[in-house]
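K.L.:
Here is how the chains run, residue by residue.
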Amino acid sequence: MPSFIPLTLLALVVAAIVAHLASPKVRPWLWKPVAALGAVMLVALWYLGLFWAPPEQFMSDVGRILYVHVPHVWMALLAFTLNVGCAVAYLMKKSWVTDALAESAAEVGVYFGAVGVSMGSIWARPTWGVWWDWDPRLISTTVMLLAYVGYLALRSFTEDPERRATWSAVSAILSYVSLPIVWFSVRWWNSLHQVQSNPSTVDKPMVQVLRWGAVTMLCFLYVFIVKRYEIARSRQTAAMELPPLEAPRPEAA
Amino acid sequence: MTPKISLLHAAWLVLKKDWQIEWRTRARLTAIIFFSLSTLLLFSFAMGPDVNTLRAHAPGYLWLGLLFASVLSLGESFRIESENQALTGLVLTPVEPRAIFVGKVFGNASLLFGLSLVLLPVTVALYDVELSRDPLRLVLVLFLGSVGISAPGTVYSAIAANARARDVMLPLLLFPVLVPLLLAAVSATRFTLQPDPQEQLGSWLKLLTAFDLIYLSVGFLVFPKVAEED
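Protein sequence lines, in the order shown, are assigned to chains B and R.
If you count the first sequence from 1, position 149 lands on 149 in our numbering, and the numbers rise without skipping.
If you count the second sequence from 1, position 140 lands on 140 in our numbering, and the numbers rise without skipping.
Mixed in with the good hints, there may be bad ones.
Pairs of lysine-lysine residues, derived as BS3-like cross-links and limited to a Cα-Cα distance of at most 25 angstroms, are as follows [as the list claims (entries may be wrong)]: (1) B/Lys227 <-> B/Lys93; (2) B/Lys94 <-> B/Lys227; (3) R/Lys17 <-> R/Lys206; (4) R/Lys225 <-> B/Lys93; (5) R/Lys16 <-> R/Lys225; (6) R/Lys225 <-> B/Lys94.
Worth flagging that the hints you see were computed from the coordinates, not collected in a lab.
I would like the entire structure built from these sequences, with the hints used as guidance.
P.N.:
Following this line, the structure appears as structure tokens:
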């Protein structure tokens, strides 16, 4: 597979999200074919990952969790990157659209990250012999998850919508900045995680299945984010349309 | 017309004001000193009387004690401003809100740094550590660590002071961000108290400094946005 395809796919997803935000015409239908594609690809992924791909050289069948574990963590990183992009955009120019998108990206990212880390922990038990270890990628993903759980808690504990938007944007930036520092600091402690593989060190069918898994999850990432975005938007409009509770009622005639 | 003053001068005035408030009551310092004393004591109870274990883990206990105390102290730093809407008054003064950030960071950092100096003799008494190995760099580590806790802590406490459930919010937001600082500060402190055969102290000091600089500049950039909403 040529190297420009992953980037092209990412650009496509970003374009689809932008189209969803900008055009009311696209909004009702675009997510449906993507969701259908994701579902079909997921069924195929079961077959490809469990039967078609060869067993891993050292871990045999245990290694097959790779095809879902790695894409989940990738999707979490993408979602958090989208979140911090929206946060910066919100701070530069206030807009309810970027605020809602930031909220949905954070929540979807926490979902993908939590599933990814749990699968990593399940994988670690038979291969490393422990559920948990001082591994830079494991720790930084977990710390990032904790930071974003804090972010979501801050959002739900702040009533005023404008304050909520600004404060959570600031908090998102502070959390995202900590990621590389966490990564470096933990790497200086001893590390167990296998050295990052790249396509040239991995058997070709395994790379193909991993990429298949990534595209599958990308479909779901898109669907989850835009659907969660719609919920966030309708909550915003509902909150703004509600009349103030103390409004004087006209006397009944 | 009010004469325009420089950012550093304004920050110095904010810092002096915080010191003055603190000095008049001395309530915050006293509270956090006794709080962290009891935390350190609790660690030694929880770990049992083995001096070797205690000595080996002393840097970790010291920094956890400081971290827990910092949550109390940071929370208080904006709570005193919420009375009579003092923060609104502060933001309305014709100085940059960034000056408030710089002043508050160093106000909080100086309080934590003072606390850490008070705790040092306590670690000698409780955990039998040896302070005389590299005292200068130990003090440097304590200072860098205090600034590192205060820089993101000041931004988060300005946020949490006005949020619901603020006592839960501050640690929930702050602790994940402080993970690298805790790792670096504990390791650096360990290598000033114990032998450092591989000379790792330097790289941990660099990480601490980088953490401080990064969070000072990020906080400097975003604090005006936070202050706007207060």
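K.L.:
Each of the hints needs a verdict: does it hold here or not?
P.N.:
Here is how each hint holds up against the structure:
1. A distance of roughly 24 angstroms separates the Cα atoms of B/Lys227 and B/Lys93; the hinted pair therefore holds under the 25 angstroms criterion.
2. A distance of roughly 22 angstroms separates the Cα atoms of B/Lys94 and B/Lys227; the hinted pair therefore holds under the 25 angstroms criterion.
3. Among the hinted pairs, R/Lys17 with R/Lys206 is inconsistent with the structure: their alpha-carbon atoms are about 32 angstroms apart, more than 25 angstroms.
4. Pair hint R/Lys225 plus B/Lys93 holds up; C-alpha atoms about 11 angstroms apart against a cutoff of 25 angstroms.
5. Among the hinted pairs, R/Lys16 with R/Lys225 is consistent with the structure: their alpha-carbon atoms are about 24 angstroms apart, no more than 25 angstroms.
6. Distance check on the hinted pair: R/Lys225 and B/Lys94 sit about 11 angstroms apart at the alpha-carbon level, within 25 angstroms; holds.
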